[in-house]
Every structure is written in C-alpha cells, then in structure tokens.
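Make the full structure from the sequences, and use the hints.
In order, the protein sequences belong to chains W and U.
Just so we're aligned, residue 1 is where the first sequence starts under the numbering used here, counting upward by one.
Just so we're aligned, residue 1 is where the second sequence starts under the numbering used here, counting upward by one.
The hints are simulated quantities; they were obtained by calculation from the structure and are not laboratory data.
As the structure is a computational prediction, the values presented were derived from the model and not from experiment.
One or more of the hints may lead you astray.
Since the list can't tell identical chains apart, any single copy or any two copies may satisfy a pair.
Stated by the list, open to error - No farther apart than 20 Å at their CA atoms in a straight line, the calculated lysine to any residue pairs in the SDA-like style are these:
hint: 1; residue 1: 178; residue 2: 14
hint: 2; residue 1: 340; residue 2: 271
hint: 3; residue 1: 340; residue 2: 315
hint: 4; residue 1: 340; residue 2: 276
hint: 5; residue 1: 340; residue 2: 216
hint: 6; residue 1: 178; residue 2: 264
hint: 7; residue 1: 178; residue 2: 250
hint: 8; residue 1: 340; residue 2: 277
hint: 9; residue 1: 340; residue 2: 296
hint: 10; residue 1: 178; residue 2: 269
hint: 11; residue 1: 340; residue 2: 299
2 protein chains.
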Amino acid sequence: MSLYALIMAGGVGSRLWPRSRARTPKQFLALVSERTMVQETQQRLQPLVTPQRTLIATGQDFVSLVAEQLPDVPRGNVFGEPAGRGTAAAAGLAALRLLREDPEAVMAVLPADHLIQRPEVFRDLLAAGTEVARRGWLVTLGIEPTYPETGYGYIERGDLLGQVRGFDAYRVARFAEKPDLPTAERFLELGTHSWNSGMFIWTAGRLVEELSRHQPDLYAGLLEIDAALAADPAADVAERWCRLPDVTIDYGIMERAERIAVLPAAIGWSDVGSWAAVYDVAAQDRAGNAVFGRHVSPDTTGTLIVSRRLVATMGLEDMIVVDTDDVLLICPRSRAQDVKQLVALVQEHDREPAPPPGGQTEDAAAGESG
Amino acid sequence: MSLYALIMAGGVGSRLWPRSRARTPKQFLALVSERTMVQETQQRLQPLVTPQRTLIATGQDFVSLVAEQLPDVPRGNVFGEPAGRGTAAAAGLAALRLLREDPEAVMAVLPADHLIQRPEVFRDLLAAGTEVARRGWLVTLGIEPTYPETGYGYIERGDLLGQVRGFDAYRVARFAEKPDLPTAERFLELGTHSWNSGMFIWTAGRLVEELSRHQPDLYAGLLEIDAALAADPAADVAERWCRLPDVTIDYGIMERAERIAVLPAAIGWSDVGSWAAVYDVAAQDRAGNAVFGRHVSPDTTGTLIVSRRLVATMGLEDMIVVDTDDVLLICPRSRAQDVKQLVALVQEHDREPAPPPGGQTEDAAAGESG
Numbered sequence: 001m002s003l004y005a006l007i008m009a010g011g012v013g014s015r016l017w018p019r020s021r022a023r024t025p026k027q028f029l030a031l032v033s034e035r036t037m038v039q040e041t042q043q044r045l046q047p048l049v050t051p052q053r054t055l056i057a058t059g060q061d062f063v064s065l066v067a068e069q070l071p072d073v074p075r076g077n078v079f080g081e082p083a084g085r086g087t088a089a090a091a092g093l094a095a096l097r098l099l100r101e102d103p104e105a106v107m108a109v110l111p112a113d114h115l116i117q118r119p120e121v122f123r124d125l126l127a128a129g130t131e132v133a134r135r136g137w138l139v140t141l142g143i144e145p146t147y148p149e150t151g152y153g154y155i156e157r158g159d160l161l162g163q164v165r166g167f168d169a170y171r172v173a174r175f176a177e178k179p180d181l182p183t184a185e186r187f188l189e190l191g192t193h194s195w196n197s198g199m200f201i202w203t204a205g206r207l208v209e210e211l212s213r214h215q216p217d218l219y220a221g222l223l224e225i226d227a228a229l230a231a232d233p234a235a236d237v238a239e240r241w242c243r244l245p246d247v248t249i250d251y252g253i254m255e256r257a258e259r260i261a262v263l264p265a266a267i268g269w270s271d272v273g274s275w276a277a278v279y280d281v282a283a284q285d286r287a288g289n290a291v292f293g294r295h296v297s298p299d300t301t302g303t304l305i306v307s308r309r310l311v312a313t314m315g316l317e318d319m320i321v322v323d324t325d326d327v328l329l330i331c332p333r334s335r336a337q338d339v340k341q342l343v344a345l346v347q348e349h350d351r352e353p354a355p356p357p358g359g360q361t362e363d364a365a366a367g368e369s370g
Numbered sequence: 001m002s003l004y005a006l007i008m009a010g011g012v013g014s015r016l017w018p019r020s021r022a023r024t025p026k027q028f029l030a031l032v033s034e035r036t037m038v039q040e041t042q043q044r045l046q047p048l049v050t051p052q053r054t055l056i057a058t059g060q061d062f063v064s065l066v067a068e069q070l071p072d073v074p075r076g077n078v079f080g081e082p083a084g085r086g087t088a089a090a091a092g093l094a095a096l097r098l099l100r101e102d103p104e105a106v107m108a109v110l111p112a113d114h115l116i117q118r119p120e121v122f123r124d125l126l127a128a129g130t131e132v133a134r135r136g137w138l139v140t141l142g143i144e145p146t147y148p149e150t151g152y153g154y155i156e157r158g159d160l161l162g163q164v165r166g167f168d169a170y171r172v173a174r175f176a177e178k179p180d181l182p183t184a185e186r187f188l189e190l191g192t193h194s195w196n197s198g199m200f201i202w203t204a205g206r207l208v209e210e211l212s213r214h215q216p217d218l219y220a221g222l223l224e225i226d227a228a229l230a231a232d233p234a235a236d237v238a239e240r241w242c243r244l245p246d247v248t249i250d251y252g253i254m255e256r257a258e259r260i261a262v263l264p265a266a267i268g269w270s271d272v273g274s275w276a277a278v279y280d281v282a283a284q285d286r287a288g289n290a291v292f293g294r295h296v297s298p299d300t301t302g303t304l305i306v307s308r309r310l311v312a313t314m315g316l317e318d319m320i321v322v323d324t325d326d327v328l329l330i331c332p333r334s335r336a337q338d339v340k341q342l343v344a345l346v347q348e349h350d351r352e353p354a355p356p357p358g359g360q361t362e363d364a365a366a367g368e369s370g
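Printed below as a string of structure tokens:
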C-alpha cells in the first residue's frame, strides 16, 4: 500500500510563546515528550509510511532545521516555501510531484504540531482512510468534540457510507467555519459534528482534479512551478510561488469539492494550541501540577511549570509559568488564549525606548556584586 | 569629633532568597539601589566617618568580598569572624582595639543591611548621639513603629533627658524582646515604644566597662584575642574565638546595662527584611508594580518583579517574582515571611534524588531543538 505523507510544518503560532518563537516555532519544540512535535509526527507514521515516502512543507528558513530533526527524510522531500501561501498550495504542489512519480499515489496531509496519544489507532485509521480514498473520496479525520471550542472548524456528518477496517465512514454533509459559542454549543448537543483536525487522505489525482476545478489560477501556477522543479529540483521558484493565490485546503477545496468523507477518529488528539492544552495533555502530580523541570512548593496546585531552573512557589493556583533564557511568562491558566495578545504587547514594548525601570538602571538594580 | 563606625556585616538571612544566598548574603547585594547594601551603609557615613575610622565585622569567608566592595576601607579594619559568635563579641573586640588606638573613641555600631532613606538626618543623629555618648550613655537609635511588627525588639522610652542638636534624647525605661501580636499592638497604641534598630553609639570605654561587668567570660576571652591581634594582626585566633560565649548586644549588654538613652530616629529606615519590604521601599509604577528589570503586562498590579530577563505577565495581583540564574521564586506578597520556610523545603528537596518530572527527563522536556 503506497501511502505517502505530506507533513505541514509551516506554522508560526505565538500562543506557546515564549517557547515558540519566530526562529523555533512550535513544531520544532519538544513540548510534551523527548522528541519535537515534527519528530513525533513523522515517527508515529512508522512503519506505515517510510521516510522515503514522507514529504515536508515548511518555510524556507526552516529547511535546515527539518533536515536536522528528520535526518532520515531525504533532503529532496523537503520543500521550503519562499513565503506562506496557505495550505492548498503546499498540498497541491506535493500532489503534482507525487503524480509524476506514482500515478496511484495516496497521500495523507498531516499538521506537524499535533499530539496523538493513540498512534496505533491513528495508523489503522490512515490505512482505512487510504482504502476510502482509493474509491475516489476526499477523506478527513474528524475529532469527537469534548467541549464547545470556538477556535476550530467543524464537520457535519451525513449518511453512513459503511465500515472500513472496523471504522465508520460518513459522507460529509457540510463544513462549518469556526463557530460562535452558541453555535458550538449546539454542535456539541447535536452530536453530529466533529472537529476538523486538518488531517486529510486522498489520491494525488483526486486532489489535482478538485484543484483544477475550484482553484484554476492556483492550479496553473502550481503546474508551472512543478514543471520547473521537475526539470531542476534546485530551480528558483520564489517569484512564481509568491504570485500564487493564498487559500487554505478547507476554504479553497473541501468546502467546494464533491465526494468528501469523514472518519471519526478517537485517537487522543490535541492540537497543543496553548499552554492550557499542554497542561491538559501532560502528566500531573498529586497536587495537579504539570512540571517540566524542577518545582518545589508547599501548596501550589493546578499549575503548569516549564523551566530549566528550579522553580519555588507558594500559593499558586491554576497558573502557567514558562521560563526561557530571555523571557519569563506568568499568567492564569484561564488566560492561555490571551498569550497571543501579550506577545503583541511585548513587541510594541520592544519598539519603544526602555524607560529606567523602578527609577534605577537595569543592570545595577538587578545586579549582584562579588 | 573622632567618631568611629563598626559595620556589622555578618548576616546570613534567607528571607531574600533566591537573591540572598549562602555565598552572597543580603548585605553584599544591590537590592534597591545601584550600590550594595554594605556600600550604601559605608557611603552614608560620609563625611562624618572616614573609611580609615570604619571597621567591618563579617564572616571570614566574606573578607575578600568586603575588600572588593569597600576598597577605601583599610584591609586591617576588616575582621573576619572564624564563626558566628553573636554581636556582643564583634562589638567588644572592636571596642578593645579602638581603646588601644584612641582612648576617647566613640563608636557607632551599624548593621550593614539596612536602608536609610534620609541619610542627612541620620548623620545629624549620629553627631547628636556622639555627644550623648560622651556623657557616658549607651545610645540607641529608636525607630517610630508604623504597624505592630512582631519580628523586632522594642525600646520603651522613659524620662526625657533633653534636646541635643535638635533631637530629643530619652532615658530607656526597658528593652522588650520580640513581642506577640497583642503586645505589639499595645506598644503601638501606647506611643511610648520604638523599634530597636540595632544601631548603637557609645564610647569604647563604656562598652568595655559594661562588658566586663555583665559578660566577664566574654570579656576575658576578648582580652586574650585582642592581645594576640595587637602583637600580630595576622595571628590565628580561631580557636579562642570559637570558645567565646555566643551573646547578642541586646540580650547580653543592653538589657542589663545602666544609663541607656534612646534617640527617636525619623530617618526613613527599613531593614529590607523580606521581598515585601523591598516592594515597600522601591519606586512603584502607576499600576503599583515595583520592577527591577523589564516587565510587560496589560493588567498586573501591586507586584514586585526582580529579574534579568523580560518578564511578561497577565492577571497577577500583589505577587512577588524573583528570578536568578538558577532559581525562580513566585509567591504572593503576603507570604514574603514564609520564604525562609520555602528555602528549607528546597534544601530538603535537594537532598532527595530527583524523580523524573512529569514522566520525562528534565532536559528533553524543557529542551528546544535547533
């Protein structure tokens, strides 16, 4: 079964700041295990998808980081996007290349920065999804919602298509963009909606077919770029890439395409989209603290600690403490979603000339002598 | 006016942990200004007491730190105590030495780790105290209490002796050791009690007189040590020093001596005895935060930040955040007094083998790749 994978490693999220930074986005960090998230993503495909059949799409600044973290993946399988152009362009380019090499290719599109706690079930689902994709369906993996999240898109299940390798497969009735809270609550009550995980399985041919139909400009641009890369894998395609329309797979393809299926996926999934999510998926001690590092406290509870130094606390409840060489973040766990805005505030602060803090010079005030 | 000073720099307090450490106790740190506390203590004596007339008592491990921080004070004026032996021994030894060099010597005994925000008034008080001491009184500086502190000793004022250089001088009715809260509240209501600041002024002769009367063993031991040091300033007196009785000036001398005066001292005094005290004496911004370093927050209030890195917070209220190269402390300001117990907990923790935190190895969990 020649399943290929395209790992989407182009994200630049800021809600895991200060660990996640412009130079080391989340997918390149070891957040909840010893391996980085992109390493976990590639690793959990084994033995279903070999490194040779794994493609990576990332920003061109991260190509060497990918090579370092995924040494088994051939260098020619890593495409460094000259600029962010939405997920449809990356998926389309990978599909065109695979079509050249293997007209029967089935490809799974997988975000590089998600956690999946049941990798065996995940691989079984990929195998099932591959069968469904071979029958001409665009397959999505849908996550059972556990609360009315407003930050994800939703997939409404339609008719049951049947069982494949023990998994139910449904026709997709419709895709719903990020809902407001009442709508999300209704989706949860109805029980007919899954979270859109951004994981897809399809034949390269079916994707190219839908792309040519619904995104003709993007398709035309990608054809040119693929032809240039086919002639010379080192060709400079930056200018052509930057002229591509910027559309996502969800909006540009899935919401318009035909024959879309969803496989409900009970795989212990988390997008690890905030420090609160890191807390939720981490091992917690008896006081409900999740500690990456060393923590001493007589009474702190429900707190996430991520630090290379010893952290000593008293009286903290449900807090987030994340420490890096140059930045320290402290906030309530309930404010984890606001870290993004805090980063904007920090960037604003950095552009202003620093006032003398506390009436003294920084070095002197913070300095120890001797 | 030949006033001498003895700066007591032997403290090893742990309530300002993690800044204050065994190797760099509080008096050697720059906590609230650009200078370290012992530097401030020596500096604020200028021009009243020259560096040549300034003696320092410290632990023998800190002699080189004193030499580094106070380069103007002659090396021979620094006594490194082979072991902690209470304040009476250090004061008595200094008095014996001064008597040899200047039989009329008046000496001020001054803790190295207090903040005095009105140094001009302080120097005027020292001059006034010197006059009173010349008349044969043991003089203490009393601080007007502003709240019922239970961590200080108190001095009860007796009869007004008169005015000296514009300052009232009272006979001391009695010394009271650290009171319980109801007693401290009564002292505050009565208005007749001052905090015992640990600052004293007396002639070397009067101190030696009281010492010989009330602490004959200590006196005898100190005579031997002084004789050895007079013969050879580099003499090894460690063994004799360690046999000295361990008594404080307050308990060993002041509570027993005669002719004790107190000068109420409105000098902007703080013993900077905890992080809450550092917050109180520091400059605060509009949100009531005291920041030594760089702090960005949309809404944090009443919080002390001491850090060399950028500290970004949301939603903190009345907290303490103190950051060093190897330790991070976070607790409510109201728990500042408990830092001492937290340090004990950390020491206990350090003696135990570290369990794998959060189920992972420390480096991997906290590590960033690339």
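Between copies, within a copy, both or neither: which fits residue 340 and residue 216 at Cα up to 20 Å?
Neither, since 35 Å and 70 Å both go past 20 Å.
How would you label the pair residue 178, residue 269 (within, between, both, or neither) given a Cα cut-off of 20 Å?
Close inside one copy (18 Å), not across copies (59 Å); limit 20 Å.
Identical-chain pair category, residue 340 with residue 315, by Cα at 20 Å
Intra 26 Å, inter 15 Å, cutoff 20 Å: inter-copy only.
With identical chains treated as interchangeable, where does the CA-CA distance between residue 178 and residue 264 reach 20 Å or less: within a copy, between copies, both, or neither?
within (19 Å within a copy, 69 Å between copies)
Alpha-carbon proximity context of residue 340 and residue 296, limit 20 Å
between (29 Å within a copy, 13 Å between copies)
Can you give me the call for residue 340 and residue 276, within, between, both or neither, at a CA distance of at most 20 Å?
Cα proximity of residue 340 and residue 276: one copy only (13 Å, versus 31 Å across).
Intra/inter-copy verdict for residue 178 and residue 250 if alpha-carbon distance must be at most 20 Å:
within (11 Å within a copy, 71 Å between copies)
State whether the alpha carbon distance between residue 340 and residue 299 is at most 20 Å within one copy, between copies, both, or neither.
Result: close only across copies, 15 Å inter versus 29 Å intra.
Intra- versus inter-copy proximity for residue 277 and residue 340 (alpha-carbon distance at most 20 Å)
Within. Shortest intra-copy distance 14 Å satisfies the 20 Å Cα cut-off; inter-copy 34 Å does not.
Up to 20 Å between alpha-carbons, please classify residue 340 paired with residue 271: within, between, both or neither.
within (16 Å within a copy, 41 Å between copies)
Given identical chains, is residue 178 near residue 14, meaning Cα to Cα at most 20 Å, within a copy, between copies, both, or neither?
within (19 Å within a copy, 52 Å between copies)
The structure fails to meet hint 5 from the earlier list, while all remaining hints are met.
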